[in-house]
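Q: Residues 446 to 984 (my numbering) are what the sequence shown spells out, left to right.
No lab work stands behind these hints, which were simulated from the structure alone. Any given hint could be a false lead.
[Claimed, not checked] No more than 27 Å apart at the CA atoms, straight line, and that leaves these computed lysine-lysine pairs for DSSO-like:
#, residue 1, residue 2
1, Lys848, Lys790
2, Lys846, Lys795
3, Lys472, Lys611
4, Lys480, Lys608
5, Lys536, Lys608
6, Lys537, Lys601
7, Lys611, Lys536
8, Lys472, Lys728
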Amino acid sequence: AYMSLIYYSHIPTALTALLLGIFILIKARNILASKVFFAISVVFAIWSAFDLILWTTSDGRGMMFFWALVSPTENLVACFTLYFAYVFLEKKDATLKMKFIFALLFIPYLFLTHTAYNLTHFDISVCEAKQGLLIYYWMFIEVLFFVLLISYLLKKIYQTQGKRKKQIILFSIGTILFLTSYSGANIFSSLMAFIYPNSLDNWLASIYSLFGMPIFMGFLAYLIVHYRAFRIRFMAVQALVFTLIILIASQFAFAQSLTNQILTGVTLLLALVFGLTLIESVKFEVRRKTEELALANSRLRKLDNAKSEFITIASHKLRTPMTAIKGFLSMLLEGAYGKLPDKHKDILNKVYLSNDRLITLAEDLLNVSKIESGKMEFVFEKADLQDIAQEVFDTFFIAAKEKNLTFTLTPPASPLPEVTTDRKKLREVLSDIVDNAIRYTPEGGVTISFSQDDAHINISIQDTGIGISEEEALSLFTKFSRGKDVSRLNTEGNGLSLHVTRSIMESLGGRITFHSEGKGKGTTFVVGVPMRGRRDKRG
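Please model the entire structure based on the sequences and the hints provided.
A: Printed below as a string of structure tokens:
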């Protein structure tokens with residue numbers, strides 16, 4: 446009867462552990478803990494194979510060979526279990542120093558495994574190998590890892606609070622039960638072999654060392670479901686449950702006596718009840734989370750629509766009076782209502798510029814709202830890029846001159862072909878980039894030039910300004926993102942213009958790229974206009 450128990454304990458346990466290890470490794474290959482658990486499952490399966498051979502072989506030499514390997518393999522399982530606990534709970538790898546110390550503990554096995562210090566001889570009368578002095582070292586290592594594991598887990602439980610503490614407690618219970626069953630049964634059997642050297646039943650207790658692994662896997666399954674350990678969800682739980690059921694059911698092939706058939710049937714029934722309950726629990730949890738997520742998304746969409754509608758209305762309401770103010774200020778400055786003193790002109794000029802910036806802000810906000818809602822309209826027509834660039838150049842010539850900057854428009858080497866694009870939107874894009882170039886160039890100059898490749902006509906705006914750092918480059922086109930030096934030189938920017946220009950160019954089928962050597966080394970923006978324009982009228 447005990448031979449059926451041997452098969453029953455070794456084969457399904459080792460296979461289930463190995464399959465679970467492979468599954469977790471595949472599903473969470475980027476997580477270190479999954480790799481360490483896979484190592485545990487592999488070493489445990491190897492140890493199970495060695496131990497099964499010892500129980501079933503009648504070859505004395507083969508038994509001596511595999512018996513010698515069992516002890517270091519047991520220590521490896523304990524070592525990897527401690528390593529797994531650390532990596533799983535700390536979310537980081539162990540230090541090189543820790544790994545080196547643990548590796549040193551296994552050096553004696555390299556030299557003494559197949560010597561008389563490990564196994565002295567084979568006793569044919571009881572059909573077992575007699576252990577040497579190395580068995581004490583094996584017990585010491587096994588107990589050491591067990592004590593270190595318990596100490597570490599108790600420390601983590603003491604240091605942690607809240608929901609995370611419950612997770613650590615559950616993990617600790619499963620891990621400690623596994624190592625208690627695994628190491629405890631093996632140590633007990635070894636001690637019995639010393640106390641009763643002529644007994645035939647010394648090693649029967651070691652059979653039960655394997656049953657700690659299913660307990661460990663059960664706790665892992667619970668952690669996977671409730672705490673998303675290894676970031677594995679529903680499919681992982683289904684695979685684990687069905688694999689376990691199939692492996693347990695397969696043991697009917699080995700269970701020949703009525704006792705073992707009953708034992709297998711009860712185990713299968715418990716696995717079915719537990720597994721199906723677990724699957725239904727996960728289904729309910731997934732369904733609940735999905736419904737909550739759908740409701741949250743619906744609320745977010747409503748809020749987003751309300752935000753876009755508010756921005757659109759606010760921008761229109763702001764832009765209308767500000768445009769009127771701009772018109773009256775322009776008439777005042779031009780003398781339409783009589784000559785103004787120079788002092789009043791300076792004040793009105795400042796008001797005019799501030800009002801102009803508010804109009805630009807309202808326009809940018811309106812553009813962002815249109816882009817995000819997909820309502821920005823485009824009017825595609827034939828256009829000469831050199832003419833558009835000339836218009837932008839003429840617009841900003843005075844601003845560059847007031848800052849004592851050189852401002853150059855370099856004509857193309859050969860006539861540019863006409864393109865189909867939205868002339869107004871493209872002029873806005875170029876204006877925003879040239880405006881930024883002049884604003885953030887304290888000295889030197891700005892140059893507009895042309896080039897051409899297979900698919901695009903490129904308009905380059907090169908400045909000798911403050912440049913862009915690697916850190917700022919990562920978020921350059923993000924909404925409301927502004928660099929430190931940019932904020933210092935111009936406190937009134939809003940961080941929207943580059944986001945809007947890139948979105949417009951993408952809608953036009955073009956692109957915007959930039960290059961900067963770093964802080965203080967200037968920047969070059971390149972606007973690529975496709976030579977084949979888009980035919981649609983909406984972005």
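Q: Is Lys472 close enough to Lys728, meaning Cα to Cα at most 27 Å?
A: holds, 19 Å
Q: With the threshold set at 27 Å, check whether the alpha-carbon distance from Lys472 to Lys611 stays at or below it.
A: holds, 25 Å
Q: Lys536 and Lys608 were given as a pair; does the straight-line alpha-carbon distance stay at or below 27 Å?
A: holds, 16 Å
Q: What's the verdict on Lys480 and Lys608, does the C-alpha distance respect the 27 Å limit or exceed it?
A: OK: Lys480 and Lys608 at ~25 Å, within 27 Å.
Q: For a C-alpha distance cap of 27 Å, please report whether Lys611 and Lys536 respect it.
A: Satisfied, since the Cα-Cα distance of roughly 17 Å is no more than 27 Å.
Q: Taken at face value, is the distance from the CA of Lys601 to the CA of Lys537 at most 27 Å?
A: Since the Cα atoms of Lys537 and Lys601 sit roughly 15 Å apart, the hinted pair holds (cutoff 27 Å).
Q: CA of Lys846 to CA of Lys795, is that 27 Å or under?
A: holds, 18 Å
Q: Hinted pair, alpha-carbon criterion (27 Å max): Lys848, Lys790. Please report holds or violated.
A: holds, 20 Å
When each numbered hint is compared with the structure, no violation occurs for any of them.
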